[in-house]
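**Student:** Top to bottom, those sequences are chains D and V. The letter at position 410 of the first sequence is residue 410 when you use this note's numbering, and the numbering goes up by one with no holes. The letter at position 127 of the second sequence is residue 127 when you use this note's numbering, and the numbering goes up by one with no holes.
FYI, nobody ran anything at the bench for these hints, they're computed from the structure. Note that the structure is predicted; figures quoted are calculated from it, not measured. Accuracy of the hints is not assured; some may be wrong.
Below, simulated DSS-like cross-link-like pairs (lysine-lysine); rule was C-alpha separation at most 27 angstroms, straight line [said to hold, decoys possible]:
{"no.": "1", "chain 1": "D", "residue 1": "K231", "chain 2": "V", "residue 2": "K203"}
{"no.": "2", "chain 1": "D", "residue 1": "K231", "chain 2": "V", "residue 2": "K207"}
{"no.": "3", "chain 1": "V", "residue 1": "K207", "chain 2": "D", "residue 2": "K166"}
{"no.": "4", "chain 1": "D", "residue 1": "K233", "chain 2": "V", "residue 2": "K48"}
{"no.": "5", "chain 1": "D", "residue 1": "K268", "chain 2": "V", "residue 2": "K71"}
{"no.": "6", "chain 1": "V", "residue 1": "K205", "chain 2": "D", "residue 2": "K233"}
{"no.": "7", "chain 1": "D", "residue 1": "K152", "chain 2": "D", "residue 2": "K173"}
{"no.": "8", "chain 1": "V", "residue 1": "K71", "chain 2": "D", "residue 2": "K117"}
{"no.": "9", "chain 1": "V", "residue 1": "K205", "chain 2": "D", "residue 2": "K166"}
{"no.": "10", "chain 1": "V", "residue 1": "K71", "chain 2": "D", "residue 2": "K231"}
{"no.": "11", "chain 1": "D", "residue 1": "K166", "chain 2": "V", "residue 2": "K203"}
{"no.": "12", "chain 1": "V", "residue 1": "K48", "chain 2": "D", "residue 2": "K121"}
{"no.": "13", "chain 1": "V", "residue 1": "K203", "chain 2": "D", "residue 2": "K189"}
{"no.": "14", "chain 1": "D", "residue 1": "K173", "chain 2": "V", "residue 2": "K203"}
{"no.": "15", "chain 1": "V", "residue 1": "K205", "chain 2": "D", "residue 2": "K173"}
{"no.": "16", "chain 1": "D", "residue 1": "K173", "chain 2": "V", "residue 2": "K207"}
{"no.": "17", "chain 1": "D", "residue 1": "K325", "chain 2": "D", "residue 2": "K294"}
{"no.": "18", "chain 1": "D", "residue 1": "K139", "chain 2": "D", "residue 2": "K166"}
{"no.": "19", "chain 1": "D", "residue 1": "K189", "chain 2": "V", "residue 2": "K207"}
{"no.": "20", "chain 1": "V", "residue 1": "K173", "chain 2": "D", "residue 2": "K117"}
{"no.": "21", "chain 1": "V", "residue 1": "K21", "chain 2": "D", "residue 2": "K121"}
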Amino acid sequence: MTIKKLWSLKDKNILIVDDFPTMRSMLRTILLNFGANNIMEARNGEDAIDKMQDVAQEIVLCDYNLGEGKDGQQVLEEAKQRDLLPHSSIFLLTTAENTADMVMGAFENLPDDYIIKPFAKAVLQMRIRKLEEKKDGLKAISKAIARKEFQKALMLCDEKINENSKSYFELQKIKGEILMKLSSYDEAKTVYNTVLEQRDIPWACKGLGLIHYHLAQYDEAKQVFSGLKEKNKNYLPAYDWLARVEDKLGNSLESQQLLMQAIKLSPKAILRQKALAEIAFKNGDLDVSEQAYKYTVRHGKNSCFKHPSDYGGLAKVYLKKSVNKDAEKAINNMKKEFQNSSGEAQLQSVVIESVVFKDLGKIKESHAALDKALDLFAADPGSLSSSIAVELAQACFDADKNDQGKELIRHVVRNHHDDANTLAQVQTLFDNQGMQAEGAEIINSTRSEVVAINNDGVELVKQGKLQESIGLFTKAARAMPENIIVNLNAAQSFIIFMQQSGVNEKIMLQTQQYLDRVRAVDAGNSRYKKLMLCCQELSKKIA
Amino acid sequence: MATEQYLDFSTVLASSVHDMKNSLSMLLNTIEDIAQECDPDACAAAEKLTLLQYEGQRVNNHLIQMLSIYKIENAQYTANMGEHCVADFLEEAALLHEPLLTPKGITIETMCDPDLMGFFDREIVAGVINNVVNNAYRYSKDRIRLSSNVVDEYIVISIEDNGEGYPKSMLGKNTSIFTNDTGQLGSTGLGLYFSSLVANIHKNKEKSGFIRCTNEGIDGGGRFDFYFP
Numbered sequence: 001m002t003i004k005k006l007w008s009l010k011d012k013n014i015l016i017v018d019d020f021p022t023m024r025s026m027l028r029t030i031l032l033n034f035g036a037n038n039i040m041e042a043r044n045g046e047d048a049i050d051k052m053q054d055v056a057q058e059i060v061l062c063d064y065n066l067g068e069g070k071d072g073q074q075v076l077e078e079a080k081q082r083d084l085l086p087h088s089s090i091f092l093l094t095t096a097e098n099t100a101d102m103v104m105g106a107f108e109n110l111p112d113d114y115i116i117k118p119f120a121k122a123v124l125q126m127r128i129r130k131l132e133e134k135k136d137g138l139k140a141i142s143k144a145i146a147r148k149e150f151q152k153a154l155m156l157c158d159e160k161i162n163e164n165s166k167s168y169f170e171l172q173k174i175k176g177e178i179l180m181k182l183s184s185y186d187e188a189k190t191v192y193n194t195v196l197e198q199r200d201i202p203w204a205c206k207g208l209g210l211i212h213y214h215l216a217q218y219d220e221a222k223q224v225f226s227g228l229k230e231k232n233k234n235y236l237p238a239y240d241w242l243a244r245v246e247d248k249l250g251n252s253l254e255s256q257q258l259l260m261q262a263i264k265l266s267p268k269a270i271l272r273q274k275a276l277a278e279i280a281f282k283n284g285d286l287d288v289s290e291q292a293y294k295y296t297v298r299h300g301k302n303s304c305f306k307h308p309s310d311y312g313g314l315a316k317v318y319l320k321k322s323v324n325k326d327a328e329k330a331i332n333n334m335k336k337e338f339q340n341s342s343g344e345a346q347l348q349s350v351v352i353e354s355v356v357f358k359d360l361g362k363i364k365e366s367h368a369a370l371d372k373a374l375d376l377f378a379a380d381p382g383s384l385s386s387s388i389a390v391e392l393a394q395a396c397f398d399a400d401k402n403d404q405g406k407e408l409i410r411h412v413v414r415n416h417h418d419d420a421n422t423l424a425q426v427q428t429l430f431d432n433q434g435m436q437a438e439g440a441e442i443i444n445s446t447r448s449e450v451v452a453i454n455n456d457g458v459e460l461v462k463q464g465k466l467q468e469s470i471g472l473f474t475k476a477a478r479a480m481p482e483n484i485i486v487n488l489n490a491a492q493s494f495i496i497f498m499q500q501s502g503v504n505e506k507i508m509l510q511t512q513q514y515l516d517r518v519r520a521v522d523a524g525n526s527r528y529k530k531l532m533l534c535c536q537e538l539s540k541k542i543a
Numbered sequence: 001m002a003t004e005q006y007l008d009f010s011t012v013l014a015s016s017v018h019d020m021k022n023s024l025s026m027l028l029n030t031i032e033d034i035a036q037e038c039d040p041d042a043c044a045a046a047e048k049l050t051l052l053q054y055e056g057q058r059v060n061n062h063l064i065q066m067l068s069i070y071k072i073e074n075a076q077y078t079a080n081m082g083e084h085c086v087a088d089f090l091e092e093a094a095l096l097h098e099p100l101l102t103p104k105g106i107t108i109e110t111m112c113d114p115d116l117m118g119f120f121d122r123e124i125v126a127g128v129i130n131n132v133v134n135n136a137y138r139y140s141k142d143r144i145r146l147s148s149n150v151v152d153e154y155i156v157i158s159i160e161d162n163g164e165g166y167p168k169s170m171l172g173k174n175t176s177i178f179t180n181d182t183g184q185l186g187s188t189g190l191g192l193y194f195s196s197l198v199a200n201i202h203k204n205k206e207k208s209g210f211i212r213c214t215n216e217g218i219d220g221g222g223r224f225d226f227y228f229p
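Build the full structure now, drawing on both the sequences and the hints.
**Tutor:** Following this line, the structure appears as structure tokens:
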């Protein structure tokens, strides 16, 4: 046997999460025995998230069952969403025998390990020790990923794979995730197929499905995700993705069925409940929609997934059901929840308020909210997403505020001047106001305006006036944060600048932000992929 | 119909087993606490405490076994395949049993390539290993060895002792070995049945897992092999 070096948890930040005080103190005693001296305790999910925010925890020992409120899986999901868990930290889920089936392997985000209660101290010690070793082995890769040096991370993965690392599958998984992020779908496909040739592993199969999904090959995606679900009845991501695919294929009833099955297996995921609420509303299944919205609102309260559209959705269900009293109550609750928020959440909340009050026949309140929304928009146009802007524009027309309505539509067109669906949608909005011709003119002139800006910027680059082009595109990207071409151009002008004048970490970060915006709406964009590769080449020079 | 008033007995069994298991873990934890408080040299009851722990473990193992068999046979069991380091897994098992084996003068050792990784349902395979080790506890002279190797495209986990070996009727592969000479399913037979069910839910491509019993253990003692692809 090899001699073990002295091992201790000294100076590690450790968080124990359990709703039973006796369990917490028992775990604390065990950890103290392992040399731990920085232990914090949390008695429920909310408390746990707070303590992870206060202190960067290196080890989190979290029980699955935390009574009312969030469960351990949700703590993990929220922590990941909020970036509270760096790659190097350890999240260990403890679970009782009877919930073990549910905990293991069913989710998109998995804990680093799980351990079934009751467990022996020696086993806990060994698990923590081994997880630390594993994380240590992957440290260089995690670091590269955190710095967005993806090519470097890929290289490190390949090196380790060639060394016959025992983390072979883990490395392939990381490789696949990076390639997906870079939209390098052909290479990602090779990774996933290589894995699947050796073994049917759910994440590899899911990866293949995702590639089809991003390439809008929905029939193929459906086939892959259905097969995955058949073979792994408890694997929830298969249900969620299949539901999205079915919706894309126009099968919204099937989509609803799938989400309902998944919720039966695991009811607590807020985003899934919200997806169900929306699709059920679309299907006219108001009872299911109401129930799911209620769940979303109630359980979203203390989470990062809280959103005004949950309350707005619930209010709309009540309006459809003609229970006006409850619709008004939902809106008042929303006002209470979001009165101190800022940016998009606040703006959206006020827009919803205006729309719902109008439907309730409360015109005075509706107009007051509308005026507030317009003030907020004027103060910070960038914070208004196009989907809300369309609603707000409609509200303006309904209130005879045509000028403001038109300005809002210009805002939408500026952000989506190249997107046929959105343009058709706003044209219909004009048509319904009896403003066909004027609307078409507004859309066209706004489009030309954006095209001109892009052309001017590109022309400046050609003339070698790079600084001016950068100035133009950054300004444009601020005003039109959702515009794909503007963001791509802004990123490209920065990239050319760095290619000529050297790499700068701050500029690189901003370039990435523009590219991230593109990825969020169009991951398969070919220019995006090219520019990402340029960034990777450049980032080698930073290191 | 009158029969509709009765629950299906297997459902009753499954839920009772669950409760029993919970009580039992309380019981075992308490015994462990007591055992820790008493110094084996000074405490007259130390030996009896070890026996209590051993028998408690046995009941626990049997309950896990029963519940798992029930679930597998009713297709309620979803195997939870994960990638695990086999050496760590064996070391954990050894750590668990050491406190009970040492007082009886049995040493437990592990032998495994530290880089060997395998895909298996860690919790249920642990149930199999615990069962077999518990048996070896009774039959071994003074050594138990947990080891693992790769044979063809299978990983094989072996548990060997240096006792008298398995009776002739139990030697061989899988199904034929569960009944004793009188054709009845003995306690060891049940354990083997459980093991082979568990081995069988481990599949990759066209291959499924299986078990094998031989007397090729330490100095001709019993040897149990658990193969999974």
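**Student:** The structure should be examined with respect to each hint, and the outcome stated for every one.
**Tutor:** Quick rundown of the hints versus the structure:
1. Pair hint D:K231 plus V:K203 holds up; C-alpha atoms about 12 angstroms apart against a cutoff of 27 angstroms.
2. The suggested pairing of D:K231 with V:K207 holds, with an alpha-carbon distance near 16 angstroms, which does not exceed 27 angstroms.
3. Annotation: proposed proximity of V:K207 to D:K166 holds, straight-line Cα distance about 22 angstroms (limit 27 angstroms).
4. Between D:K233 and V:K48 the alpha-carbon distance is near 46 angstroms, which puts this suggested pair outside the 27 angstroms criterion.
5. For the hint linking D:K268 to V:K71, the alpha-carbon distance of about 25 angstroms falls within 27 angstroms, and the restraint holds.
6. In summary, the hint linking V:K205 to D:K233 is supported, as the alpha carbons are separated by about 18 angstroms, within the 27 angstroms threshold.
7. Between D:K152 and D:K173 the CA atoms are separated by roughly 16 angstroms; this keeps the pair inside 27 angstroms, and the hint holds.
8. The hinted pair formed by V:K71 and D:K117 meets the criterion: a straight-line CA distance of about 20 angstroms does not exceed 27 angstroms.
9. A distance of roughly 21 angstroms separates the Cα atoms of V:K205 and D:K166; the hinted pair therefore holds under the 27 angstroms criterion.
10. For a cut-off of 27 angstroms, the pair hint linking V:K71 to D:K231 stands: about 18 angstroms separates their Cα positions.
11. A threshold of 27 angstroms between alpha carbons decides the hint, and for D:K166 with V:K203 the separation of about 21 angstroms falls inside it, so the pair holds.
12. Between V:K48 and D:K121, the direct Cα distance comes to roughly 23 angstroms. Compliance with the 27 angstroms bound is thereby established for this hinted pair.
13. Simply put, V:K203 and D:K189 have alpha-carbon atoms about 24 angstroms apart, close enough for the 27 angstroms limit, and the pair holds.
14. With a C-alpha separation of about 21 angstroms, the suggested pair D:K173 and V:K203 falls inside the 27 angstroms cut-off, and the hint holds.
15. As the CA atoms of V:K205 and D:K173 are separated by approximately 20 angstroms, the hinted pair is consistent with the 27 angstroms bound.
16. Between D:K173 and V:K207 the alpha-carbon distance is near 24 angstroms, which keeps this suggested pair within the 27 angstroms criterion.
17. Distance restraint check for D:K325 and D:K294: the Cα-Cα separation of roughly 15 angstroms lies within the 27 angstroms cut-off, and the hinted pair is therefore satisfied.
18. Under the criterion of a C-alpha separation no larger than 27 angstroms, the hint pairing D:K139 with D:K166 is consistent with the structure, at around 15 angstroms.
19. For the hint linking D:K189 to V:K207, the alpha-carbon distance of about 25 angstroms falls within 27 angstroms, and the restraint holds.
20. With a C-alpha separation of about 34 angstroms, the suggested pairing of V:K173 with D:K117 is violated against the 27 angstroms cut-off.
21. The hinted pair formed by V:K21 and D:K121 meets the criterion: a straight-line CA distance of about 20 angstroms does not exceed 27 angstroms.
Consistency note: the structure conflicts with the earlier hints numbered 4, 20.
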